[in-house]
Amino acid sequence: MMHRINTQRIIISLAIVIILIAFSPYTRTTYAAGGTSDTETVATIGQQNAFKTAKRLLQYMNFSRQALYDQLTSKNGNGYSNEEATYAIDKLEGDGLVDWNEQAVRTAEIYLRVKPLTKDDLIDILSSQYGAGFTEEQAQYAADTVFIIS
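FYI, in my numbering the residues of the sequence shown are 32 to 181.
A couple of the hints might just be wrong.
[Claimed, not checked] Here are the simulated EDC-like pairs of lysine to aspartate or glutamate, each with C-alpha atoms no more than 20 Å apart in a straight line:
hint, residue 1, residue 2
1, K86, D151
2, K83, D121
3, K86, D121
4, K83, D126
5, K122, D101
6, K83, E114
7, K150, D126
8, K150, E124
9, K106, D126
10, K83, D130
11, K146, E114
12, K83, D101
13, K122, E140
14, K83, E124
15, K150, D121
16, K150, E114
17, K86, D152
18, K146, D130
19, K86, D126
20, K106, E124
21, K122, D175
What the hints contain is simulated information worked out from the structure, not anything from laboratory work.
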């Protein structure tokens with residue numbers, strides 16, 4: 032009788048492990064034509080939440096890639112892990128949901144409303160790691176754009 036109970040427990044434990052692996056939120060096996068399989072990575076809950084947060088932040092504020100990453104990972108900000116924040120930003124870019132040049136232009140427009148700046152000063156502020164954190168190219172694009180519009 033004792034042997035039968037242990038066998039049942041083992042079978043139940045194995046079934047639970049198989050179910051947990053099959054429905055794991057981290058990996059999924061897909062099957063292509065011809066019966067070959069490929070394992071793809073599926074976003075964790077933290078990655079999904081970081082993505083949703085990043086999308087929401089970009090609806091209300093302008094960010095450079097670096098500033099958005101800093102906001103997502105900051106203990107005083109959203110507190111996501113480096114991996115979660117990187118996933119979120121990579122997904123935004125991959126899905127075409129963010130244009131860093133446009134973010135730089137909007138940021139430049141705000142700076143110019145607050146204080147008159149020369150084009151070079153604007154580029155310096157936009158590209159400074161202590162300022163907006165845009166790349167030099169993004170800052171140049173924004174300055175060229177707003178000074179044409181102005």
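To see whether the hints hold, each was checked on the structure:
Restraint check for K86 and D151: not satisfied, since their Cα atoms lie roughly 31 Å apart, outside the 20 Å limit. Of the pairs offered as hints, the one joining K83 and D121 holds, with about 13 Å between alpha carbons and a cut-off of 20 Å not exceeded. Restraint check: the Cα-Cα separation between K86 and D121 comes to about 12 Å, which is no more than 20 Å; the hinted pair holds. For the hint pairing K83 with D126, the CA-to-CA distance comes to about 13 Å; that is within 20 Å, so the pair holds.
Pair hint K122 plus D101 holds up; C-alpha atoms about 16 Å apart against a cutoff of 20 Å. As the CA atoms of K83 and E114 are separated by approximately 15 Å, the hinted pair is consistent with the 20 Å bound. Pair hint K150 plus D126 does not hold up; C-alpha atoms about 32 Å apart against a cutoff of 20 Å. Restraint check for K150 and E124: the C-alpha separation of about 28 Å exceeds 20 Å, so the hint is violated.
At most 20 Å may separate the alpha-carbon atoms for a hinted pair to count; K106 and D126 exceed this at roughly 27 Å. Of the supplied pair hints, the one linking K83 and D130 holds, its CA atoms being roughly 17 Å apart against a limit of 20 Å. Annotation: proposed proximity of K146 to E114 is violated, straight-line Cα distance about 37 Å (limit 20 Å). Taking the CA atoms of K83 and D101, the gap is about 16 Å. The hint holds against a cut of 20 Å.
Distance restraint check for K122 and E140: the Cα-Cα separation of roughly 27 Å exceeds the 20 Å cut-off, and the hinted pair is therefore not satisfied. Proposed proximity of K83 and E124 is supported: the alpha carbons are some 13 Å apart, at most 20 Å. For the hint linking K150 to D121, the alpha-carbon distance of about 30 Å lies beyond 20 Å, and the restraint is violated. Between the alpha carbons of K150 and E114 the distance comes to roughly 36 Å, so the proposed pair goes past 20 Å and is violated.
Between K86 and D152 the alpha-carbon distance is near 30 Å, which puts this suggested pair outside the 20 Å criterion. At most 20 Å may separate the alpha-carbon atoms for a hinted pair to count; K146 and D130 exceed this at roughly 25 Å. Between K86 and D126, the direct Cα distance comes to roughly 11 Å. Compliance with the 20 Å bound is thereby established for this hinted pair. As the CA atoms of K106 and E124 are separated by approximately 24 Å, the hinted pair breaks the 20 Å bound.
Proximity of K122 to D175 is assessed by CA-CA distance (about 28 Å); at most 20 Å being required, the pair is judged violated.
Going down the numbered hints, you'll see the structure goes against 1, 7, 8, 9, 11, 13, 15, 16, 17, 18, 20 and 21, while the others check out.
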